[in-house]
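Q: Listed below, chain by chain, are the residues.
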Amino acid sequence: MTASFIKNSDFAAFLTAMMKAAPVYGPVAKRSRFAFARLEAPEELRLDYDVTILPPKKLFFPPAQDLLRFDSDGFEAALEPEEKILFGVHFYDVKAIDQTDLLFAERNCDINYIAHRQTTTIVASNVQTVSKRAFFATVGADVPAKGHDAALTSIDDGYVFEPLTARGEALLKFGRFAPATEAQCRGADKVNADVLAECPEKLEHGTAAIATKVRAAFKDEELWSQLAADCFSCGSCNTVCPTCYCFDVQDTWHVDQTSGKRTRYWDACLTEDFAKISLGEGATENFRDERGERFRHRLMRKAVYLNPKLGGPACVGCGRCSAACTADIADPTRIINQIMAS
Amino acid sequence: MSRPKVAFFDFTCCEGCQIEFTNYGDVAFLELLKHVDVVEFREAMSEKTTDPIDIALVEGSFTREADRAKLESVRERAKIVIAYGQCATTAGINALKNHQNDYKEFVYGDDAGQANLASQKALPISAAIKVDYMAYGCPVNKYEVLQIIAHLLHGKEPVIPNYPVCVECKRRETVCRYDEADHCMGQVARAGCTAPCPAEGIPCEACRGFVDQPNIRALEKVLVERAGFSQKRAAEKALMFTANSLEATQ
Ligand code: SF4
Ligand code: SF4
Ligand code: SF4
Ligand code: SF4
Ligand code: SF4
Numbered sequence: 001m002t003a004s005f006i007k008n009s010d011f012a013a014f015l016t017a018m019m020k021a022a023p024v025y026g027p028v029a030k031r032s033r034f035a036f037a038r039l040e041a042p043e044e045l046r047l048d049y050d051v052t053i054l055p056p057k058k059l060f061f062p063p064a065q066d067l068l069r070f071d072s073d074g075f076e077a078a079l080e081p082e083e084k085i086l087f088g089v090h091f092y093d094v095k096a097i098d099q100t101d102l103l104f105a106e107r108n109c110d111i112n113y114i115a116h117r118q119t120t121t122i123v124a125s126n127v128q129t130v131s132k133r134a135f136f137a138t139v140g141a142d143v144p145a146k147g148h149d150a151a152l153t154s155i156d157d158g159y160v161f162e163p164l165t166a167r168g169e170a171l172l173k174f175g176r177f178a179p180a181t182e183a184q185c186r187g188a189d190k191v192n193a194d195v196l197a198e199c200p201e202k203l204e205h206g207t208a209a210i211a212t213k214v215r216a217a218f219k220d221e222e223l224w225s226q227l228a229a230d231c232f233s234c235g236s237c238n239t240v241c242p243t244c245y246c247f248d249v250q251d252t253w254h255v256d257q258t259s260g261k262r263t264r265y266w267d268a269c270l271t272e273d274f275a276k277i278s279l280g281e282g283a284t285e286n287f288r289d290e291r292g293e294r295f296r297h298r299l300m301r302k303a304v305y306l307n308p309k310l311g312g313p314a315c316v317g318c319g320r321c322s323a324a325c326t327a328d329i330a331d332p333t334r335i336i337n338q339i340m341a342s
Numbered sequence: 001m002s003r004p005k006v007a008f009f010d011f012t013c014c015e016g017c018q019i020e021f022t023n024y025g026d027v028a029f030l031e032l033l034k035h036v037d038v039v040e041f042r043e044a045m046s047e048k049t050t051d052p053i054d055i056a057l058v059e060g061s062f063t064r065e066a067d068r069a070k071l072e073s074v075r076e077r078a079k080i081v082i083a084y085g086q087c088a089t090t091a092g093i094n095a096l097k098n099h100q101n102d103y104k105e106f107v108y109g110d111d112a113g114q115a116n117l118a119s120q121k122a123l124p125i126s127a128a129i130k131v132d133y134m135a136y137g138c139p140v141n142k143y144e145v146l147q148i149i150a151h152l153l154h155g156k157e158p159v160i161p162n163y164p165v166c167v168e169c170k171r172r173e174t175v176c177r178y179d180e181a182d183h184c185m186g187q188v189a190r191a192g193c194t195a196p197c198p199a200e201g202i203p204c205e206a207c208r209g210f211v212d213q214p215n216i217r218a219l220e221k222v223l224v225e226r227a228g229f230s231q232k233r234a235a236e237k238a239l240m241f242t243a244n245s246l247e248a249t250q
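Protein chains in written order, with the numbering used here: chain A, 1 to 342; chain B, 1 to 250.
These aren't lab readings, by the way, just hints derived from the structure by calculation.
The structure displayed is predicted, hence computed values, not measured ones.
Any given hint could turn out to be false.
Claimed, not checked - Simulated DEER-style distance windows between Cβ atoms: (1) A/A37 to B/G228: 28 to 36 Å; (2) A/I277 to B/K121: 33 to 41 Å; (3) A/I277 to B/E200: 31 to 39 Å; (4) B/I202 to A/V143: 52 to 60 Å; (5) B/G16 to A/V143: 53 to 61 Å; (6) A/V249 to B/R3: 48 to 56 Å; (7) A/R31 to B/M45: 40 to 48 Å; (8) A/T252 to B/D26: 17 to 25 Å; (9) B/A28 to A/D73: 19 to 27 Å; (10) B/H154 to A/E293: 30 to 38 Å; (11) B/D26 to A/E106: 43 to 51 Å; (12) A/A17 to B/T22: 46 to 54 Å; (13) B/T22 to A/D256: 15 to 23 Å; (14) A/E83 to B/M1: 41 to 49 Å.
A virtual CB, placed ideally from N, CA and C, is assigned to each residue, including glycine.
Start from the sequences and build out the full structure, keeping to the hints where you can.
A: Structure representation (structure tokens):
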């Protein structure tokens with residue numbers, strides 16, 4: 001599909017027309033940070049955001065999601081997917097969504113994710129501001145960003161809009177687009193290439209070398225317990241991660257004690273009880289009892305274990321974990337570079 | 001468990017947690033009464049009981065040896081004992097006095113010498129009797145209490161979080177206090193409250209106590225390095241609701 005161009009002066013009208021057709025979710029300011037939220041007015045959209053607190057996966061896999069409602073007669077699915085447009089996703093989050101798309105669809109297909117995903121049109125946008133902890137240029141560099149419906153890049157006086165699917169192309173009708181010139185397309189390519197040089201942090205080695213050496217460090221208990229010495233087991237490095245997908249399921253009863261609902265919540269493997277399992281008859285065992293074991297598990301998941309399945313690391317270099325960790329020990333570049341240098 | 005007999009007992013506390021039990025709203029409260037038989041609850045009724053009970057909700061700290069017999073009698077009569085509120089689970093705010101010696105003069109002034117004001121160290125009720133479940137919070141989270149009761153009614157183990165407030169704080173996408181040059185104790189505080197304080201721009205004070213294994217050393221380090229606290233202030237910060245648990249971790 002060929003690229004189109006829309007002038008800055010026509011952009012608000014484009015957003016407004018889209019918002020009339022379907023709910024549009026995009027990055028908006030939240031106090032000193034940014035978050036994906038439903039746009040109420042076109043001027044709320046902040047395409048100059050650096051990174052959002054939570055990744056856009058929350059639209060398909062909400063932090064708390066009702067799965068079913070029950071009463072004395074039986075149960076029914078709580079799923080109510082809405083047609084929506086997710087607008088302004090950075091390419092690293094596009095890559096992460098591509099991963100969760102695969103993980104939730106394989107084997108026992110997770111309809112509660114897939115239904116929300118299938119009703120969403122995703123428009124990517126270029127990274128205009130690089131966050132303080134980003135390293136997206138050097139992690140899984142050969143993994144393409146795919147699965148989105150269109151890509152938007154801000155150039156001098158407007159935006160180059162490249163539809164990638166029929167759904168993406170369908171958005172053209174909402175704005176005053178003209179075919180993009182070759183110069184405008186080249187300008188957009190340059191903008192997207194140049195930003196890669198701006199990452200403040202970087203991995204010093206490639207995916208395969210990292211996977212081999214990090215795996216080899218598995219048994220170095222002293223290393224992991226040192227790395228995790230200041231760990232709170234707070235799970236923030238999991239809960240903000242765009243590629244984490246673990247959840248816990250709980251039932252709650254309404255006060256009538258017969259009706260209620262089943263809800264799933266984001267879980268986090270760094271928390272103390274994540275790996276606590278029942279051995280029957282009231283006995284339990286925690287197979288990752290130590291902070292160091294849990295800390296190691298996340299890193300193995302991000303840099304080693306899932307690589308064969310995903311074709312690259314389960315980390316897209318957004319830097320959210322690095323920034324969210326109040327002890328500042330979660331930064332994958334620091335951990336991996338230290339292991340690689342040893 | 002069908003329509004269990006439920007009774008409230010209070011020891012050293014403000015009784016605010018009991019008041020929470022009356023705050024469900026008329027409709028929900030009347031519905032709840034169809035499923036539990038409240039036999040003693042001095043906030044809302046004058047009847048008292050000496051009969052066996054199914055669920056005892058015990059509020060307040062154990063601060064006088066004289067209360068031990070009363071606690072033991074509750075334990076003997078009750079199938080299930082729930083420590084109800086932070087004073088009961090960890091001794092809560094009461095335990096602040098364990099680290100002071102002039103509190104009586106400070107609080108009671110000229111009356112400080114009265115015999116009825118004498119008390120021992122403030123302790124959780126688990127220091128006197130076996131406790132089956134904990135309803136944390138200052139005050140309790142009334143919705144969590146409802147779920148604890150619902151689980152017991154259905155013969156299930158109540159689910160009481162042992163992960164930090166940060167988990168719930170992140171789930172609601174709150175801007176972290178540390179990103180706004182503030183401090184917070186959510187990293188060591190027990191979740192279950194849905195993290196309302198950081199969402200309002202206020203640091204978490206760990207009013208539900210700590211998780212089972214709080215990393216207090218790391219908390220002090222973060223309070224000093226990221227929030228600019230003095231070492232002394234950082235070390236004392238965690239005392240407000242968790243003085244006893246802090247001692248236990250050191
Ligand atoms: S590494 Fe940091 S963010 Fe992750 S659990 Fe530990 S303290 Fe929390
Ligand atoms: S591990 Fe950290 S940097 Fe990597 S994708 Fe997850 S949050 Fe982003
Ligand atoms: S195991 Fe841990 S790192 Fe992996 S998806 Fe689950 S929470 Fe995330
Ligand atoms: S504001 Fe407090 S509770 Fe929330 S993430 Fe930050 S440290 Fe944790
Ligand atoms: S956020 Fe902290 S202080 Fe606030 S209710 Fe929860 S535990 Fe208590």
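Q: Against the earlier hints, flag every one the structure doesn't satisfy and list their numbers going up.
A: 4 and 6
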